[in-house]
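2 protein chains.
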Amino acid sequence: MVNSISYKTIGRLILYWRILRDLLAQNKTQIHSHELAAQAKLTAPQVRRDLMTLGYSGTPARGYDVVGLKEHIEKFIFPTKEQRAVLAGVGNLGRALLKFFQGRRPNLRIVASLETNPEKFGGMIQGCPCYSIEEATRIIREQEITVGIIAVPDSEAQYVADVFVKAGIRGILNFARTPLHVPSGIYVEDVDLAMSLDRVAYFARQAIKTEKSEADQAVIKERGEE
Amino acid sequence: MVNSISYKTIGRLILYWRILRDLLAQNKTQIHSHELAAQAKLTAPQVRRDLMTLGYSGTPARGYDVVGLKEHIEKFIFPTKEQRAVLAGVGNLGRALLKFFQGRRPNLRIVASLETNPEKFGGMIQGCPCYSIEEATRIIREQEITVGIIAVPDSEAQYVADVFVKAGIRGILNFARTPLHVPSGIYVEDVDLAMSLDRVAYFARQAIKTEKSEADQAVIKERGEE
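Listed in order, the protein sequences are those of chains F and D.
So that you can map any letter, position 157 of the first sequence is 157 in our numbering, and since no number is skipped, the others follow by simple counting.
So that you can map any letter, position 177 of the second sequence is 177 in our numbering, and since no number is skipped, the others follow by simple counting.
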């Protein structure tokens with residue numbers, strides 16, 4: 001029985017699933033844990049531990065059955081009946097997300113988008129109807145939406161989160177750079193694009209500094225050896 | 001002296017910087033570590049440890065000086081002279097990223113975008129010139145670009161990463177769902193939007209299951225007590 005499974009484990013299972021899907025497309029039917037680990041950039045014991053958590057085991061001689069393992073993970077990770085999502089904020093990022101996510105997962109569908117800009121109400125954006133944020137509660141309840149995506153300006157994010165939670169949403173994907181306050185039991189995943197870019201820029205500078213100082217060291221060493 | 005500082009610490013420092021910027025806009029000049037911690041959803045010892053890493057300390061009576069601390073973090077985290085970035089892949093997500101990032105950071109600028117679609121070459125997208133991917137090496141070297149953003153289809157991501165690294169890029173923000181293989185010393189940050197959404201959907205379903213089972217438990221308990 002799987003009782004509680006961590007956020008990181010779920011991420012790794014999704015990764016295994018993708019690798020298995022690609023292997024299947026290449027007509028590969030068996031895979032050893034060390035091969036799966038190499039593709040996922042993990043260790044073989046980690047892979048075996050994760051799959052044992054799911055109650056799935058391979059044989060030492062032949063490894064895992066690709067079809068069987070893929071289906072086993074699928075049943076565990078993905079919704080078996082349609083799960084509905086709503087997106088708040090249809091600016092540039094919101095529209096890109098709608099386009100990016102639409103039709104990617106058979107059982108996960110963004111069924112509504114929400115806006116404060118009246119010019120956008122009533123229309124369809126990327127095949128998804130757009131409503132006023134005032135209608136959020138009604139739509140979420142009527143359509144039994146459980147997943148919310150927040151792509152509104154930072155100053156509006158907490159307001160949207162409060163509306164979402166009250167209406168019945170239990171998981172939030174948050175693109176605003178605001179730490180959201182939600183009741184315990186509600187899952188929030190923050191995707192902070194500005195922070196990611198700042199961090200990449202910082203580490204890129206550090207890498208160049210290190211290379212320069214290593215190059216200087218090499219020069220000093222060469223001179224010392226002359 | 002700060003020698004090596006972790007990925008998580010950099011994230012927290014960026015968060016503190018944002019909070020301080022907002023405090024300054026509210027004319028607040030002093031802040032205690034526990035107040036900063038509460039806003040960042042962290043503990044006060046964590047905040048004090050992070051700031052000590054930077055060689056910055058407050059006083060027990062008055063806390064930290066908001067202006068001084070903000071500037072101290074800024075000098076550490078953000079580039080002091082212009083650092084340049086390139087974006088590969090100008091589809092929906094790429095365009096949204098260009099719009100999202102442009103002008104946000106004074107010293108970090110996306111100076112070029114790259115495409116394989118000839119219809120997009122030579123034009124300007126969100127104020128950023130678009131080139132053929134074949135020109136990548138020349139542009140990255142000439143403009144001393146150190147940061148690369150990958151928003152191309154999964155199957156092209158490794159090819160782009162190889163071109164980037166050879167040309168001199170040291171930090172990559174990767175939106176493709178492909179584990180990139182790069183030499184050690186190159187920093188890669190993966191933003192896997194599909195995985196994030198799958199994970200949020202999974203935990204939303206778990207939350208609802210837990211609520212239902214708790215409600216069932218409550219009913220059983222009530223019956224037992226009748």
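Because the hints were derived from the structure by calculation, they are not lab data.
Every residue gets a Cβ at the ideal spot worked out from N, C-alpha and C, and that includes glycine.
Don't take every hint at face value.
Dumping the calculated PhoX-like pairs for lysine-lysine here, alpha-carbon to alpha-carbon at most 25 Å [stated by the list, open to error]: (1) D:81 with D:99; (2) D:41 with F:166; (3) F:209 with D:99; (4) D:120 with F:99.
With the C-beta cut set under 8 Å, the calculated list includes, among others, these residues of chain D facing chain F [stated by the list, open to error]: (5) 40; (6) 56; (7) 93; (8) 146; (9) 170; (10) 185; (11) 186; (12) 195; (13) 196; (14) 203; (15) 208; (16) 212; (17) 215.
Pairwise CB distance ranges (calculated) [unchecked claim]: (18) D:27 with F:218: 45 to 53 Å; (19) F:166 with D:212: 49 to 57 Å; (20) F:8 with D:27: 37 to 45 Å; (21) F:123 with D:81: 39 to 47 Å; (22) D:124 with F:185: 31 to 39 Å; (23) F:216 with D:82: 18 to 26 Å.
Hints, one by one, checked against the model:
| no. | hint | result |
| --- | --- | --- |
| 1 | D:81 with D:99 | 22 Å, holds |
| 2 | D:41 with F:166 | 22 Å, holds |
| 3 | F:209 with D:99 | 30 Å, violated |
| 4 | D:120 with F:99 | 19 Å, holds |
| 5 | 40 | 7 Å, holds |
| 6 | 56 | 17 Å, violated |
| 7 | 93 | 5 Å, holds |
| 8 | 146 | 4 Å, holds |
| 9 | 170 | 4 Å, holds |
| 10 | 185 | 5 Å, holds |
| 11 | 186 | 7 Å, holds |
| 12 | 195 | 5 Å, holds |
| 13 | 196 | 5 Å, holds |
| 14 | 203 | 4 Å, holds |
| 15 | 208 | 6 Å, holds |
| 16 | 212 | 11 Å, violated |
| 17 | 215 | 13 Å, violated |
| 18 | D:27 with F:218: 45 to 53 Å | 51 Å, holds |
| 19 | F:166 with D:212: 49 to 57 Å | 19 Å, violated |
| 20 | F:8 with D:27: 37 to 45 Å | 41 Å, holds |
| 21 | F:123 with D:81: 39 to 47 Å | 45 Å, holds |
| 22 | D:124 with F:185: 31 to 39 Å | 47 Å, violated |
| 23 | F:216 with D:82: 18 to 26 Å | 24 Å, holds |
Violated hints for the displayed structure, listed by number in ascending order: 3, 6, 16, 17, 19 and 22.
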